[in-house]
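Student: The residues making up each chain are set out below.
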Amino acid sequence: MNFSSDHFLYRWLPALFFIVSATIFPAHAQEKFWVVLKDKKGVAFDPYQYFDAKAIERRQLQGLPLSDETDKPLNPAYVLKIAQLTDSVSGSSRWLNAVACFATPEQVKALRQQVFVKEILPFRQQAAVLANFPVDKEKSLSRKELKILRNQTASLGAADFSARGLDGKGVRVAVLDAGFRGVDSEAGFEHLRRNKQILKTWDFVKRREYAYDYSTHGTMVLSCIGGRMGENNVGLATGAEFLLARTERMHSERYSEEEHWLAAMEWADQNGADIINSSLGYTYNRYFPEQMDGRTSFVARAANLAARKGILVVNANGNDGSNKTWKILGTPADADSVLAVGGIDPEDLMHVDFSSFGPTATKKMKPNVSAFGVVIAVGPNGSEQTQGTSFASPLVAGFAACAWQSNRQLSNMQLFRQIEQSGHLYPYFDYAHGFGVPQARRFLGETVQEAEPTIAFERTGNQLTILIKPRFLPQVSPDSIQKAFTGNAPYALPVDFPTPDYVYYHLVNPKGYLDKYFVVKPGKEAEVATLNLAYLKPGSQVRVYYRGYTGTFTY
Amino acid sequence: MRKYLLFLGLFIGSVSTLSAQKVVLAEDLTKDSIPHKFGPNRKHFRHLYVGYGFVAGPSENKGSAVKYGESHEWQIGYRYKYKVGNVYALGFDVAFNPQTFFLKQSIEKTLPNAATHEKEKLKFTNIGLGLYNRINFGKRGNYVGNFIDLGVYGNWLAFSRHIYEDEMPDPKLTGSEHVVVRHKDLTYVEDFNYGLLARLGFNRYVFYGNYRLSDLFDKDYTVKYAELPRVAVGLQISLHK
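Which chain is which? The protein sequence lines are A and B, in order.
Each residue of the first sequence is one higher than the one before, counting from 1 in full-length UniProt numbering.
Each residue of the second sequence is one higher than the one before, counting from 1 in full-length UniProt numbering.
A portion of the hints provided could be inaccurate.
Listed below are the simulated DSS-like cross-link pairs for lysine-lysine, each with C-alpha atoms no more than 27 Å apart in a straight line [claimed, not checked]:
| hint | chain 1 | residue 1 | chain 2 | residue 2 |
| --- | --- | --- | --- | --- |
| 1 | A | K118 | B | K139 |
| 2 | B | K22 | A | K469 |
| 3 | A | K32 | B | K83 |
| 4 | B | K184 | B | K104 |
| 5 | B | K139 | B | K83 |
| 6 | A | K327 | A | K363 |
| 7 | A | K72 | A | K32 |
| 8 | B | K241 | A | K324 |
| 9 | B | K31 | A | K537 |
| 10 | B | K139 | A | K32 |
| 11 | A | K32 | B | K241 |
| 12 | A | K324 | B | K43 |
| 13 | A | K521 | A | K469 |
| 14 | B | K31 | A | K521 |
| 15 | A | K327 | B | K139 |
| 16 | A | K324 | B | K37 |
| 17 | B | K104 | B | K123 |
| 18 | B | K37 | A | K327 |
| 19 | A | K324 | B | K139 |
| 20 | B | K67 | B | K184 |
| 21 | A | K72 | A | K41 |
| 22 | A | K118 | A | K40 |
These are calculated hints, taken from the structure and not from any lab test.
I would like the entire structure built from these sequences, with the hints used as guidance.
Tutor: What follows is the structure, encoded as structure tokens:
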């Protein structure tokens, strides 16, 4: 073999470049695209034939039309034409009026020339499921684990829902996940099987009914909505009905396709889901932080469409909180109408480090609320301690099912707002906790009283000092200061679950966005912080939460 | 407690938390909202990398034959990338690159002499600069993604060694079983070498191949040595997410 410089330059290098190029850029490389269509002209649709009775009921209850243009199937002539122009059509979305297909650049060019094609978008693929791996597996729970198990629902007001017999009965929850191995056999779901509460399953990856395979992530997520472990409920909605959709691959292939997720959303709608819980999250693989605006991604648009159809979409906020190159939420948690759930530490109810921060790129507050990010869930070996906002999200989905059961007259977005307002920090919020942990009492008609101020502002020239009132200093028992709320800020909601006496405060700029926020553990002195007002623009606000009271200073 | 105060003072400027407080969480959005110019798929990106590869391709003749699989190189480097567009970027890398050529011991051997030994190797420690063009493929976010790099490199040969090892004929007499001889600062090697580089990257995992265009050995030296293999192939791991 001649491997001299000249010979290499003129013979081998071009050959090598050709081989590498051919491998990477095949002449007719096929990529996957969404072909978005312009219209659904001439397509007939009968909602009574297509929808489950529960889906019709949901629309009627919320005063929504029985169907709209997005519910209609795609124009078959358009789909046929696309199939003729491309090599393979793999799926479609009624909601987005789009066809998923594989196409070469030449075929894409031909598709663009079709009058019925609105736009062609490349597929987004990514590692989707927002769970960290299980940190522990045990068949019998330690004291610490038992405490987490009890508190993951107690922190949401499980006792209050339970006292009113609210367990999500009559509410239908769709769970979109990576697989539900063990749901058909584990003791933690025996009540769901016995009462036939799992109405339908579908594996969108394998295109078959059996979904109890491939991953236990969905198993653990489902348990956090309605599972049981002995005498303890793992989630709040043990009486809800469930639709289980496998949409993600988790171990064999880490990349999921949004096509399955979209199809599952439509399937959930068709089958009468009131709530959809999803742990999907697209982040840096395919997007930039500035694209987390609730409009750019296809999945965010679909999630908003689901909300328009009266479904409450609950989504994990993301697990990138400690990832310095991303840090913020993923999509579709960025969608306005998605109830994004952040994770808190069971020890002190503070933001757990992996939970993604908000806000969205358009400065909308996210997460909306928080729940335990470290949980005990039902897994294939009984109980498992695991972590991730994947599990905070179903805790809130279960909460939402019970809350909705308490008042079926609420629309999905009214429920959304009331869940936010039930947050233990409300009306205070920040981009780590949202409005805090939702509290069941908010939905149980409890009388709300004016809260007694626990803090005060003291201004001296350009200095503003935040002070804790003496009788509310940390060493004073909180029992004497429990209060309730009036519906107008400032107010406080009695919280059954003991919360740490931390002071939360933030600086709001005149546009209404947070510039800075803090949580501090106060000492024995009354002074919490001193602010130099010279740094603030007129119209800025300083808002402080302490022991159930939220006070505001406007500059 | 003072450290929290100091941290907070530096962090926010406008707010100071008093000494008895413990800061549990502090976030400054004004800094987060500054548009980022640095990042895996931003205007500028830089990272460290490590690599390991093998000598490949033929020697000029049997006089400079090497043992494949044993002859290898290490790389520890710093890489900078300037994004021109979503598809095209260019950049440079600076690397510390020790190479070891294990010489095949045969009667045809001539490098650096005909003597055969139990083990014999030539070690060259390069400090190099590479310039490359990068073509990315596939849609991606703030992520390095998949790419090919094509470029050139130049090395300054900082250290050179000729090392060989032999068994001692009479260990009892000499007091040792082996003898290792090191010749440093070899006079028959060039101070500089250069060549072409190609890389195929899958985010942090990068397969590379280098082809040396220049000769390693001084043409004006009294002996005209046959060139060692010109190709090295291996894997680099970029130290980024």
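Student: Take the hints in turn and mark each one as holding or not.
Tutor: Hint by hint, here is what the structure shows:
A hinted pair counts as satisfied when its Cα atoms are at most 27 Å apart, and K118 of chain A with K139 of chain B qualifies at roughly 20 Å. A C-alpha spacing of about 18 Å is found between K22 of chain B and K469 of chain A, which places the hinted pair at or below 27 Å, so the restraint holds. A distance of roughly 25 Å separates the Cα atoms of K32 of chain A and K83 of chain B; the hinted pair therefore holds under the 27 Å criterion. A C-alpha spacing of about 20 Å is found between K184 of chain B and K104 of chain B, which places the hinted pair at or below 27 Å, so the restraint holds.
The hinted pair formed by K139 of chain B and K83 of chain B meets the criterion: a straight-line CA distance of about 15 Å does not exceed 27 Å. As the CA atoms of K327 of chain A and K363 of chain A are separated by approximately 15 Å, the hinted pair is consistent with the 27 Å bound. For the hint linking K72 of chain A to K32 of chain A, the alpha-carbon distance of about 24 Å falls within 27 Å, and the restraint holds. For the suggested pair K241 of chain B and K324 of chain A, the alpha carbons sit about 10 Å apart, so the restraint of at most 27 Å is met.
For the given pair, K31 of chain B sits about 17 Å from K537 of chain A by alpha-carbon distance, which is consistent with the 27 Å threshold. At roughly 11 Å between alpha-carbon atoms, K139 of chain B and K32 of chain A fall within 27 Å of each other, so this suggested pair holds. Taking the CA atoms of K32 of chain A and K241 of chain B, the gap is about 26 Å. The hint holds against a cut of 27 Å. Taking the CA atoms of K324 of chain A and K43 of chain B, the gap is near 18 Å; set against the 27 Å cutoff, the hint holds.
A threshold of 27 Å between alpha carbons decides the hint, and for K521 of chain A with K469 of chain A the separation of about 15 Å falls inside it, so the pair holds. For the hint pairing K31 of chain B with K521 of chain A, the CA-to-CA distance comes to about 24 Å; that is within 27 Å, so the pair holds. Our distance criterion of 27 Å between C-alpha atoms is met by K327 of chain A and K139 of chain B, whose separation comes to about 21 Å. Of the supplied pair hints, the one linking K324 of chain A and K37 of chain B holds, its CA atoms being roughly 15 Å apart against a limit of 27 Å.
Restraint check: the Cα-Cα separation between K104 of chain B and K123 of chain B comes to about 14 Å, which is no more than 27 Å; the hinted pair holds. At most 27 Å may separate the alpha-carbon atoms for a hinted pair to count; K37 of chain B and K327 of chain A meet this at roughly 16 Å. The hinted pair formed by K324 of chain A and K139 of chain B meets the criterion: a straight-line CA distance of about 22 Å does not exceed 27 Å. The hinted pair formed by K67 of chain B and K184 of chain B meets the criterion: a straight-line CA distance of about 22 Å does not exceed 27 Å.
Distance hint between K72 of chain A and K41 of chain A is fulfilled; the C-alpha atoms sit about 10 Å from each other, no more than 27 Å. Distance restraint check for K118 of chain A and K40 of chain A: the Cα-Cα separation of roughly 12 Å lies within the 27 Å cut-off, and the hinted pair is therefore satisfied.
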